[in-house]
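K.L.:
As they're listed, the protein sequences go chains A and B.
Quick note: the first sequence uses my numbering, first residue 1, plus one each step.
Quick note: the second sequence uses my numbering, first residue 350, plus one each step.
The set of hints was computed from the structure by calculation and includes no laboratory data.
Worth double-checking, as some hints may not be accurate.
Pairwise CB distance ranges, derived in the manner of DEER restraints [as the list claims (entries may be wrong)]: (1) LEU341(A) x GLY379(B): 50 to 60 Å; (2) GLY379(B) x ASP42(A): 48 to 58 Å; (3) ALA231(A) x ALA394(B): 20 to 30 Å.
With a cut-off of at most 25 Å between alpha-carbon atoms, the simulated DMTMM-like pairs for lysine to aspartate or glutamate come out as follows [unchecked claim]: (4) LYS82(A) x GLU382(B); (5) LYS56(A) x GLU395(B); (6) LYS112(A) x GLU45(A); (7) LYS328(A) x ASP153(A); (8) LYS28(A) x ASP355(B); (9) LYS28(A) x GLU411(B); (10) LYS86(A) x GLU395(B); (11) LYS26(A) x GLU382(B); (12) LYS129(A) x ASP355(B); (13) LYS86(A) x GLU411(B).
Here are some, though not all, of the chain B residues that point toward chain A, as calculated from beta-carbon distances under 8 Å [stated by the list, open to error]: (14) ALA378; (15) GLY381; (16) GLY384; (17) VAL390; (18) GLU396; (19) PRO397; (20) LEU400; (21) GLU411; (22) ILE415; (23) ALA419; (24) SER421.
All C-beta atoms, glycine included, are put in the ideal place defined by N, C-alpha and C.
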Amino acid sequence: MPVLRLPKFGSPVKYAYITGRVRAMKTKLVPAEMYARMMNMDMSEIARYLEETQYKDEIDALSKDYSGVDLIEHATFANMAKTFRKLEDVSIDEPSFLILEYLRRWDVWNIKTLLRGKFYGATDTEIVKHLVPAGELSAEYLEELAKKDSITDIISAFDGTDYSSALAQYDGKNLASLENALDKLYYFRMELAVGGTLSVGGGLLLKYVRREVDIRNLITLFRMNKAGVDAAVILENLIPGGKLHGELSRMAGQPFGEFLRGLEGYPFWSSISDIASVDLDAVSRIEARLRAYLIRYAWALSNYHPLSILPVLGYMVSKETEVSNIRKIVRGKEAGLPAELIEEQVVVA
Amino acid sequence: MAVVADAGTLYGLLAVGAGLATGLAGIGAGMGEQGIGAAVVGVVAEEPGFLGKGLFLMLLPETLIIFGLAVSLILMFAWTPFSGIVTP
Numbered sequence: 001m002p003v004l005r006l007p008k009f010g011s012p013v014k015y016a017y018i019t020g021r022v023r024a025m026k027t028k029l030v031p032a033e034m035y036a037r038m039m040n041m042d043m044s045e046i047a048r049y050l051e052e053t054q055y056k057d058e059i060d061a062l063s064k065d066y067s068g069v070d071l072i073e074h075a076t077f078a079n080m081a082k083t084f085r086k087l088e089d090v091s092i093d094e095p096s097f098l099i100l101e102y103l104r105r106w107d108v109w110n111i112k113t114l115l116r117g118k119f120y121g122a123t124d125t126e127i128v129k130h131l132v133p134a135g136e137l138s139a140e141y142l143e144e145l146a147k148k149d150s151i152t153d154i155i156s157a158f159d160g161t162d163y164s165s166a167l168a169q170y171d172g173k174n175l176a177s178l179e180n181a182l183d184k185l186y187y188f189r190m191e192l193a194v195g196g197t198l199s200v201g202g203g204l205l206l207k208y209v210r211r212e213v214d215i216r217n218l219i220t221l222f223r224m225n226k227a228g229v230d231a232a233v234i235l236e237n238l239i240p241g242g243k244l245h246g247e248l249s250r251m252a253g254q255p256f257g258e259f260l261r262g263l264e265g266y267p268f269w270s271s272i273s274d275i276a277s278v279d280l281d282a283v284s285r286i287e288a289r290l291r292a293y294l295i296r297y298a299w300a301l302s303n304y305h306p307l308s309i310l311p312v313l314g315y316m317v318s319k320e321t322e323v324s325n326i327r328k329i330v331r332g333k334e335a336g337l338p339a340e341l342i343e344e345q346v347v348v349a
Numbered sequence: 350m351a352v353v354a355d356a357g358t359l360y361g362l363l364a365v366g367a368g369l370a371t372g373l374a375g376i377g378a379g380m381g382e383q384g385i386g387a388a389v390v391g392v393v394a395e396e397p398g399f400l401g402k403g404l405f406l407m408l409l410p411e412t413l414i415i416f417g418l419a420v421s422l423i424l425m426f427a428w429t430p431f432s433g434i435v436t437p
């Protein structure tokens, strides 16, 4: 799979169909006020509610194999994979190219799931259940990979592809460095395929992705600075390519108070200013706020460029968030977590 | 007489102008409609109930052709060069 450069074509009209379609699809997303109501429902009520929404087909199809939390989790993942594949199928030229570039993150997710599954000795069927075939690698191909005997067999199946350089880092002991390398590869690839072209659409996608890298790095910094991790270790875990990479890497290893003061004045500060303090108890609250900021950012950008990849991107980010919110609620309820704790984790833009 | 020949040329140019008025208006409306049409089809694929509203939005640029057509009709019929210019 060689890296294809984004061709220099693309008039805004090419985006009219797909943006019209995703704007209609956006109206079918679970409304924000439903999350609070879901907290008070039991598992079967949540499943019944989801059956009235876009998840109906998946809930119906999977209800014979699963029940309760597993049913909801698998149905939401299956629906997301189907929706993203649909977006790819109904778009042409530049939108299709950019959507696929974005969706490769699910290829990375699937490769990670395969490796983790094999690493911890899960069976083929267990691994297949947790795959989300929303990227370029098809469900059949992934299932074939899941049937392979060992991690090295899976890694050798990717020989000659872009992933081989990252997968070569596997040392047989742990997967952390390999997973980090895969994440870095995804962003590096995107930069290589989309960046440096004259296309407006590619530039906009890159603008969003750079902000996303910054937010991911920021979350890493929050976690590691809070835990007092050494600067050199933090720098290893930061993903290059963000707009604020230089500034954020200087913050690695800073004492937490100083780190927080350094963040004041950045565009994302206003969304976390009320909870970011030295005695912060859970970084996941900051994470939820920052993710909400990212969704708002994607939709705000799409208002400036209505006929571009941004509404599609905004939809994909919103959909991913919706699925992860539903998962958080059902998993949290199953584990018996208090409602306030779950509510803090739910991302509402 | 030279004046008559000039009037003929003038009338020919008028006809060209009338053609351009309708033709360019049509091309412009078409360019406007391509985006709206594509977007409407996209929305209708998800929400079939939007078809009526979508068609209405799609036909809005069509009104511009009527302006072009009106200008063409005025050029062709409201004034003829043979009536005013040709004098003995």
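K.L.:
Decide, hint by hint, whether the structure agrees.
P.N.:
Here is what the structure says about each hint:
| no. | hint | verdict |
| --- | --- | --- |
| 1 | LEU341(A) x GLY379(B): 50 to 60 Å | holds (57 Å) |
| 2 | GLY379(B) x ASP42(A): 48 to 58 Å | holds (56 Å) |
| 3 | ALA231(A) x ALA394(B): 20 to 30 Å | violated (52 Å) |
| 4 | LYS82(A) x GLU382(B) | violated (31 Å) |
| 5 | LYS56(A) x GLU395(B) | holds (15 Å) |
| 6 | LYS112(A) x GLU45(A) | violated (33 Å) |
| 7 | LYS328(A) x ASP153(A) | violated (33 Å) |
| 8 | LYS28(A) x ASP355(B) | violated (66 Å) |
| 9 | LYS28(A) x GLU411(B) | violated (31 Å) |
| 10 | LYS86(A) x GLU395(B) | holds (12 Å) |
| 11 | LYS26(A) x GLU382(B) | holds (24 Å) |
| 12 | LYS129(A) x ASP355(B) | violated (84 Å) |
| 13 | LYS86(A) x GLU411(B) | violated (32 Å) |
| 14 | ALA378 | violated (14 Å) |
| 15 | GLY381 | violated (10 Å) |
| 16 | GLY384 | holds (4 Å) |
| 17 | VAL390 | holds (6 Å) |
| 18 | GLU396 | holds (5 Å) |
| 19 | PRO397 | violated (10 Å) |
| 20 | LEU400 | violated (12 Å) |
| 21 | GLU411 | violated (17 Å) |
| 22 | ILE415 | violated (24 Å) |
| 23 | ALA419 | violated (28 Å) |
| 24 | SER421 | violated (28 Å) |
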